[in-house]
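Peer 1: Sequence:
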Amino acid sequence: MALTLLGQNNPLASSAKQLKLLAEATSCPPFKTQLDQAGLLPLRATGITVFQINVGKLCNQTCRHCHVDAGPDRTEAMSRETAAWCIDALAKTDIPTVDITGGAPELNPNFRWLVEQARSLGRHVLDRCNLSVLLLPSQADLAGFLAAQRVEVIASLPSYRASQTDAQRGDGVFEKSMEALRLLNRLGYGRPDSGLALNLVYNPVGAFLPPKQEAIEAQFRKELRARHGVEFNHLYTITNMPISRFLEFLVESGNYEGYMERLANAFNPAAAAGVMCRYTLSVSWDGRLYDCDFNQMLDLPVDHGAPSHIRNFDLAQLHRRQITIRNHCYGCTAGSGSSCGGAVTI
6 MALTLLGQNN PLASSAKQLK LLAEATSCPP FKTQLDQAGL LPLRATGITV
56 FQINVGKLCN QTCRHCHVDA GPDRTEAMSR ETAAWCIDAL AKTDIPTVDI
106 TGGAPELNPN FRWLVEQARS LGRHVLDRCN LSVLLLPSQA DLAGFLAAQR
156 VEVIASLPSY RASQTDAQRG DGVFEKSMEA LRLLNRLGYG RPDSGLALNL
206 VYNPVGAFLP PKQEAIEAQF RKELRARHGV EFNHLYTITN MPISRFLEFL
256 VESGNYEGYM ERLANAFNPA AAAGVMCRYT LSVSWDGRLY DCDFNQMLDL
306 PVDHGAPSHI RNFDLAQLHR RQITIRNHCY GCTAGSGSSC GGAVTI
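Residues 6 to 351 (our numbering) make up the sequence shown, in order.
Don't read these hints as lab results, they were simulated from the structure.
Note that the structure is a prediction, hence the values are computed from the model and not measured.
Some clues are possibly wrong.
[To be verified] Here are the in silico distance ranges between beta carbons for each label pair:
#1 Phe150 with Pro35: 39 to 47 Å
#2 Glu184 with His324: 27 to 35 Å
#3 Glu86 with Ala223: 40 to 48 Å
#4 Arg196 with Glu228: 38 to 46 Å
#5 Arg85 with Gln42: 29 to 37 Å
#6 Asn317 with Ser32: 33 to 41 Å
#7 Ser84 with Gly263: 37 to 45 Å
#8 Pro35 with Leu188: 40 to 48 Å
#9 Pro101 with Ala275: 22 to 30 Å
[As the list claims (entries may be wrong)] List of simulated lysine to any residue pairs, SDA-like, C-alpha gap at most 20 Å:
#10 Lys22 with Glu257
#11 Lys25 with Ala269
#12 Lys217 with Glu228
#13 Lys217 with Ala269
#14 Lys22 with Ser258
#15 Lys22 with Phe254
#16 Lys97 with Arg316
#17 Lys217 with Ala276
#18 Lys97 with Asn317
#19 Lys22 with Ser32
Glycine included, C-beta positions come from ideal geometry on N, C-alpha and C.
Make the full structure from the sequences, and use the hints.
Peer 2: Rendered as structure tokens:
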């Protein structure tokens with residue numbers, strides 16, 4: 006079965022096709038059925054402790070597994086006006102963590118302003134970094150800026166092997182990633198007692214679930230330290246979501262139904278109870294509100310009466326909102342679970 010989901014001018018049309026495909030998966034029951042049997046329907050937020058801002062889809066890489074469909078040709082970018090609405094909303098709350106993502110979020114002209122404003126409010130800031138962006142000539146001072154602002158770096162690295170990383174992210178990306186990690190290490194990132202956290206993110210290179218987080222972290226630590234002199238604090242495992250480029254890969258490789266069945270069979274009620282959408286609010290580049298970054302990419306905004314745009318931010322309404330779910334949610338509830346902070350259960 007051949008399917009082209011990407012490269013369309015209308016993002017909604019692409020999202021609609023993906024949602025239709027997910028709904029028609031014959032290898033798994035509707036996700037809401039599993040939640041109902043687990044006593045979790047309707048799924049509701051338990052509060053907001055993470056304010057996630059997706060500043061756009063521009064990226065200096067084009068990764069095969071990217072659920073954002075990001076790349077150098079994307080023009081979606083958060084404006085200063087929308088960024089200011091984010092900071093205004095944040096200032097009305099005590100939400101402790103601001104998680105900035107993209108694309109390569111650092112390429113947005115308002116990225117550094119967002120970081121400075123969030124830090125001035127006393128919030129902990131995370132930067133979801135692809136590492137190679139730190140080596141761009143236009144970003145020569147970026148690593149130093151992140152260190153000065155005490156930003157936690159969450160760095161994506163699919164493998165400690167060059168061949169697997171480059172297969173997923175592009176030729177030469179692994180060596181650039183190692184160079185960037187050593188740069189961060191020299192600034193104190195990943196070093197004991199520096200207060201500069203450097204955490205890696207691992208996505209499987211293929212249609213299978215990630216291994217146990219503790220085991221793969223130990224393997225990465227051993228290999229990166231011995232072969233490349235690289236140190237880091239923690240490694241997070243994240244399941245590849247059946248969205249965008251990875252969904253296209255699943256369909257074109259004939260792995261779609263098998264992968265969905267694998268996710269559904271591994272449904273874990275404990276992971277479902279702790280999914281990140283219950284404590285995260287996701288803001289898109291254009292200011293629309295979502296329960297998570299994955300819902301954002303499928304154009305499934307906050308619903309059930311809660312405000313759907315950051316300019317109408319209302320903490321009380323969003324704090325206990327009902328979460329919008331579809332079959333892609335199996336990706337966050339399979340096995341040990343998956344979130345932007347790694348496994349949900351250990």
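Peer 1: Hints first: check each against the structure and report whether it holds.
Peer 2: Verification of the hints:
no. : hint                           : verdict
1   : Phe150 with Pro35: 39 to 47 Å  : holds (46 Å)
2   : Glu184 with His324: 27 to 35 Å : violated (43 Å)
3   : Glu86 with Ala223: 40 to 48 Å  : holds (46 Å)
4   : Arg196 with Glu228: 38 to 46 Å : violated (19 Å)
5   : Arg85 with Gln42: 29 to 37 Å   : violated (47 Å)
6   : Asn317 with Ser32: 33 to 41 Å  : holds (39 Å)
7   : Ser84 with Gly263: 37 to 45 Å  : holds (42 Å)
8   : Pro35 with Leu188: 40 to 48 Å  : holds (47 Å)
9   : Pro101 with Ala275: 22 to 30 Å : holds (24 Å)
10  : Lys22 with Glu257              : holds (15 Å)
11  : Lys25 with Ala269              : holds (17 Å)
12  : Lys217 with Glu228             : holds (17 Å)
13  : Lys217 with Ala269             : holds (18 Å)
14  : Lys22 with Ser258              : holds (18 Å)
15  : Lys22 with Phe254              : holds (15 Å)
16  : Lys97 with Arg316              : holds (12 Å)
17  : Lys217 with Ala276             : holds (14 Å)
18  : Lys97 with Asn317              : holds (12 Å)
19  : Lys22 with Ser32               : holds (18 Å)
Against the hints set out earlier in the document, violations occur for numbers 2, 4, 5.
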